[in-house]
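Novice: Below, each chain spelled out in residue letters.
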Amino acid sequence: MNDKEIDGILKNAKAVTGDPDPEVLRRIADSIVPSLRPVRPLPPAWRMTGALIAVCAAVSLAGALRVGLVGFDKMDLAQRVAVFSGLAILVWAAARAMVAEMIPGSRRTVAPVVLLAMSCVALAGLFALMFHDSSIENFVSIGLNCLLTGLLHAVPAALLSWLVLRRGFAMNAVAAGLLAGMLGGLAGVGMLELHCPNFETAHLVVWHTAVVLLSAVLGAVTGLVARRLARTIA
Amino acid sequence: MPDEAEIQTEDGATVPRPPAESSFESLMVRYQAGDFASATTLIEACSPRLYRFFLAQAQSRADADDLLQETWLRIHRVRHTYRSGEPALPWFYAIARHVRIDHYRKAMRNATSALELDARASVSDAFSRETDRSYDLETLLAPLSESQREVLEMLKVTGMSLEEVARATSTSVGSVKQKVHRAYKKLRETMSAAGLGKERRERLS
Numbered sequence: 001m002n003d004k005e006i007d008g009i010l011k012n013a014k015a016v017t018g019d020p021d022p023e024v025l026r027r028i029a030d031s032i033v034p035s036l037r038p039v040r041p042l043p044p045a046w047r048m049t050g051a052l053i054a055v056c057a058a059v060s061l062a063g064a065l066r067v068g069l070v071g072f073d074k075m076d077l078a079q080r081v082a083v084f085s086g087l088a089i090l091v092w093a094a095a096r097a098m099v100a101e102m103i104p105g106s107r108r109t110v111a112p113v114v115l116l117a118m119s120c121v122a123l124a125g126l127f128a129l130m131f132h133d134s135s136i137e138n139f140v141s142i143g144l145n146c147l148l149t150g151l152l153h154a155v156p157a158a159l160l161s162w163l164v165l166r167r168g169f170a171m172n173a174v175a176a177g178l179l180a181g182m183l184g185g186l187a188g189v190g191m192l193e194l195h196c197p198n199f200e201t202a203h204l205v206v207w208h209t210a211v212v213l214l215s216a217v218l219g220a221v222t223g224l225v226a227r228r229l230a231r232t233i234a
Numbered sequence: 235m236p237d238e239a240e241i242q243t244e245d246g247a248t249v250p251r252p253p254a255e256s257s258f259e260s261l262m263v264r265y266q267a268g269d270f271a272s273a274t275t276l277i278e279a280c281s282p283r284l285y286r287f288f289l290a291q292a293q294s295r296a297d298a299d300d301l302l303q304e305t306w307l308r309i310h311r312v313r314h315t316y317r318s319g320e321p322a323l324p325w326f327y328a329i330a331r332h333v334r335i336d337h338y339r340k341a342m343r344n345a346t347s348a349l350e351l352d353a354r355a356s357v358s359d360a361f362s363r364e365t366d367r368s369y370d371l372e373t374l375l376a377p378l379s380e381s382q383r384e385v386l387e388m389l390k391v392t393g394m395s396l397e398e399v400a401r402a403t404s405t406s407v408g409s410v411k412q413k414v415h416r417a418y419k420k421l422r423e424t425m426s427a428a429g430l431g432k433e434r435r436e437r438l439s
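In the order they appear, the protein sequences are chains A and B.
Everything in the first sequence is counted per the working numbering, starting at 1 for the first residue and increasing by one.
Everything in the second sequence is counted per the working numbering, starting at 235 for the first residue and increasing by one.
Here chain A stands alone, though its shape is the one from the complex (with noise of 0.2 Å):
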């Protein structure tokens, strides 16, 4: 059997299966008719991705500001220009992948758990290629510092990108709490960036690409107990 046959079955399929019978069509327009009032449309995507961006960026920043840039003090040029510049990008591209998440029918250019596999690796390769100071001094206990100090503030960063888009409608609760905690682990990774002084590469490879990659897991928990929830209430 071709293609061809396969298709010519899945076509003949179409007419046998009916329409549905008008007075159910007719007590579905009646059951809308009471609140059907406008309603004022989602803002368009380029302004909600914008709006997250700008989450991220201010929950970094007043993370940092409030103990002090060390970190970015300490990092010469190219590093900060690597460093920020790689973050901007991936933040762009989870906010990105977050908005299209939230409304029904949006084009997706590649699954959330690949996106967060992706960003993951390339924070990593990023730090692992522009520091290098082999050297681990207190790395648990310091590692697990900064990892807590992250997701302090990917946690209010996740919170708000949620606010931004209340709006609308997450197909998928699972990845929508995904791409929402892995936003907020961003901006977490942000401010540790502007912050942590320590630049050791396996602590900057380890425990700062921990915090996107457990703040992302915490929102897809999150998403599937809220999940959970709903069905039991409804």
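By construction, these hints were calculated from the structure, which means they are not laboratory data.
As the structure is a computational prediction, the values presented were derived from the model and not from experiment.
Hints may contain errors.
[Claimed, not checked] Quick list of simulated restraints, FRET-style, between CB atoms: (1) B/S426 <-> A/L148: 56 to 64 Å; (2) B/S318 <-> A/H132: 46 to 54 Å; (3) B/K419 <-> A/N172: 23 to 31 Å.
[Said to hold, decoys possible] Residues from chain A that keep clear of chain B, each with C-beta distances beyond 10 Å, as calculated: (4) S31; (5) R66; (6) A82; (7) M118; (8) F131; (9) F169; (10) P197; (11) A226.
Built from N, CA and C at the ideal position, the CB exists for glycine as well.
We have chain A already, so just place chain B on it with the hints.
Specialist: Same frame as chain A, now just chain B:
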């Protein structure tokens, strides 16, 4: 007070009055503006497609009716998420798909798998008595995974483009192509294994 070129929304904002054309997209814009005639036209024009989409995997026509009603209620609730200038059909299907997944998960929770399979089998038999060709389609698509079947239905039965299917299923065009390729491969293997002869193939197509 808004002028004639503008209308006032639920939350007090003013938006431009939509054009008076009749494509799904322009009907959708007018539906957002609170035009009842456009809403009913949309319901009448879109429902047959959505109904077939549900019927292909629903356990009964009553189930398909319920899913259709639920879909329109949800479309109505989130109609503000449609953006003017974007294709409307994938937007409808994305919501319909969401409703179907919800329904499926609820059904899985409420009934045991065995009971559900029995019910589905008996519906299939009943359907085969009603329309022989539809039974053939179900038999043909049975070996495919849920997502492969869904993509094939949208692409081949409903007549959507690759781009529209990708938007409706929240995936990329590449992923849709891959699913179709795998589905066709599986179908060919199944048909060969079942030994479908030329005579049957001619009858089917």
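Novice: Could you check the structure against the hints above and give me the numbers of any it violates, in ascending order?
Specialist: 4, 9
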